[in-house]
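Undergrad: Each chain, written out:
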Amino acid sequence: MNENKKKELERFAARIRLETMKELKELGFGHVGGSMSIVETLAVLYGEVMKIDPNSPRWEDRDWLVVSKGHSGPAVYATLALKGYFPLEELMTLNKPGTNLPSHCDRNKTIGIDMTTGSLGQGVSTAIGVALGNRLDKRSSYVYLIVGDGECDEGQVWEGALYAAHQKLDNLIAFVDANKKQLDGYTKDVNDLGDICEKFKSFGWDIYNVDGADVEQIYDAIEAAKKAKGKPSVIVLDTVKGKGCSFAENAEANHHMVIDAAQAEKVIAELERKVVEL
Amino acid sequence: MKTVLVKENVKEKTMMRDVYCQTLMELAKENKNIVALDADLMSSMGMVPFLKAYPERTFNCGIQEANMMGMAAGLSATGKIPFAHSFGPFATRRCFDQIFMSCAYAKLNVRIIGSDPGVTAAFNGGTHMPFEDMGIMRNIPGVTILEPVDTVMLKDLIRQTAEMYGIFYIRLLRKNAVGIYEEGSGFEIGKAVKLREGKDATIIATGIMVNEALKAAAQLEQQGISAGVINMFTLKPIDKTAIIEAANETGAVVTAENHSILNGLGSAVAEVLSENAPVPLERVGVEDVFGEVGPEDYLRERFGLTADNIAKKVMKVLERK
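Protein sequence lines correspond, in order, to chains A and B. Numbering of the first sequence is given in this note's numbering, commencing with residue 1 and proceeding in unit increments. Numbering of the second sequence is given in this note's numbering, commencing with residue 1 and proceeding in unit increments.
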């Protein structure tokens, strides 16, 4: 990846983070932690990798994104708005009565959302279904799937992991947002996941482990995953819950937070500076 | 809609599961989007011919009902028309949240086949004996619940659902049904079929209890009681008009189902009657207990799923008129 492209994606990530923060500040509470930890991945997917057309969100030959950790909705909405799926102003309606932007992703409400998620683990299976359907119709599309590390507690994740490998689904590329935390604390304390990479490897997946805040590493892993034939790929993202949002990063419990307007303003000012600098 | 004729009280020669498989194969030939999913019960369901004819359109994910329902939802998002099967309890209670969110809440397009309804699970016993499947599914907004009574109806309903959009739960006897309808009969989803006119009471029945209801009505006729019979093969959306008309015409209703009387047909009819045409109601069905192992005939007696019990309840409801 050349320096300009890298800069561009870093700037896109900063803008996604900025708009996400504005959304959550307006609402006054929300899923800060898990929204912020996947921002760089969203920037790479929507900024560079995915075959999409914001003017034709249901284009049959598009690439799909299933955000199984549906509570990352705010970051996904910011990304979609910045890509022009809907006006940026709409972001201010997050969770308000009658909004098209609910806490958890909803394919029937938000333009550009490919799959309804929220109840954890389920996006794995729906993503597999989409990948199977695309393969049957001989479409060259990829299905990208984001699951949380805490979400990997769900048995359904592993049902899907087993069957996707059995089906040799090489048009499915999954990410695990390994931010090491879940609602009740650190994943190692709640229900230790052990080595996530080794687990997927033993299920027959092609595995990558990258710094989830490094757009270049994420991009390179996706490109490598696309070359892996005959098996699904998983990119385990080493991430920080609440990344780039100091008050959230520093908080012990940052899955869902009440957001202090003054603190949010500070983060917004920092991110605005960063966007300009980049 | 063709005229519907009632057959004699005889079992059909062809098993329901074979007609299901044949119909799906015909549909698959006509429409490349038809796909079949199963959770390691394809042989039990008689779906091996489908698998052989359409291996690339068959997804047997092993014993993973939750994953199967999510995959069915995902496949339908790409335009596929999935039929996903497991035994009734595992097609509903085992994966309720996946049906609820991935399929129904997401407004996707999935047909769920739950086989071996109620006592027909027989030797698999209480763990496999769904008295709650329709009740579970009735809780989900917008779901269509169907219980085809014989192969004629099964064929017609499967064909219809293939062309419709939404979430369908089809409660399916795998073995031989008693034939109720003549070949070529047509059915309208959401519209009950009146099988027998009556003056004194109406029996509203579904599934294997339709034939029992017809037998009960014949018995009652000997005693000078005129009981009508309605086949309520669509539990949801339920045919309110038919229920209200039955109440107005006969002034007493008995329901009969191979299912718990809680949350199934008995409850649904009670809701319609109490809000629209309150007349005395008696319910024949499983009375809030678990299933158990045994031959089907024994289980029918054990849980009161018999013509005699229906006739008894008709007498009781008449006393309350």
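It is worth saying that the hints were derived from the structure and are not from the lab. Among the hints, a few may not be true.
Simulated crosslink set (DSSO-like; lysine-lysine; CA at most 30 Å straight-line) [unchecked claim]: (1) B:K32 / A:K51; (2) B:K32 / A:K229; (3) A:K226 / B:K29; (4) A:K188 / A:K5; (5) B:K312 / A:K168; (6) A:K168 / B:K107; (7) A:K168 / B:K199; (8) A:K138 / B:K312; (9) A:K168 / B:K52; (10) B:K52 / B:K199; (11) A:K83 / B:K107; (12) B:K191 / A:K231; (13) A:K83 / A:K201; (14) A:K109 / B:K199; (15) A:K51 / B:K52; (16) A:K231 / B:K194; (17) A:K96 / B:K107; (18) A:K231 / B:K32; (19) B:K199 / A:K138; (20) A:K138 / B:K13; (21) B:K199 / A:K229.
Just so it is clear, the structure is predicted and the values come from calculations on it, not from any experiment.
Undergrad: Given the hint that K83 of chain A pairs with K107 of chain B, does the C-alpha gap stay at or below 30 Å?
TA: holds (25 Å)
Undergrad: Can you confirm whether the C-alpha distance between K168 of chain A and K199 of chain B stays at or below 30 Å?
TA: With a Cα-Cα distance of about 63 Å, the restraint between K168 of chain A and K199 of chain B is violated, given a limit of 30 Å.
Undergrad: Would you mind confirming whether the straight-line C-alpha gap from K51 of chain A to K52 of chain B stays at or under 30 Å?
TA: Distance ~35 Å between K51 of chain A and K52 of chain B Cα, so the pair is violated.
Undergrad: Is the hinted pair K32 of chain B and K51 of chain A satisfied, with a Cα-Cα distance of at most 30 Å?
TA: Answer holds: K32 of chain B to K51 of chain A is near 26 Å, not above 30 Å.
Undergrad: Given the hinted pair K52 of chain B and K199 of chain B, is their alpha-carbon gap at most 30 Å?
TA: Violated: K52 of chain B and K199 of chain B sit about 52 Å apart, past 30 Å.
Undergrad: For the pair supplied as a hint, K83 of chain A and K201 of chain A, confirm whether the alpha-carbon distance does not exceed 30 Å.
TA: Answer violated: K83 of chain A to K201 of chain A is near 34 Å, above 30 Å.
Undergrad: Hey, K168 of chain A versus K52 of chain B, does the alpha-carbon distance stay inside 30 Å?
TA: holds (20 Å)
Undergrad: Has the given pair, K312 of chain B with K168 of chain A, been kept, meaning a C-alpha gap of at most 30 Å?
TA: Judged against 30 Å, a Cα distance of about 59 Å means the pair is violated.
Undergrad: With a cut-off of 30 Å on the C-alpha distance, tell me whether K226 of chain A and K29 of chain B pass.
TA: violated (34 Å)
Undergrad: Is it true that the CA of K199 of chain B sits at most 30 Å from the CA of K229 of chain A?
TA: violated (70 Å)
Undergrad: Keeping to a limit of 30 Å between CA atoms, is the pair of K188 of chain A and K5 of chain A held or broken?
TA: violated (36 Å)
Undergrad: Between the alpha carbons of K191 of chain B and K231 of chain A, is the straight-line distance 30 Å or under?
TA: Not satisfied, since the Cα-Cα distance of roughly 48 Å exceeds 30 Å.
Of the numbered hints stated above, those contradicted by the structure are hints 3, 4, 5, 7, 8, 10, 12, 13, 14, 15, 16, 19, 20, 21, listed in ascending order.
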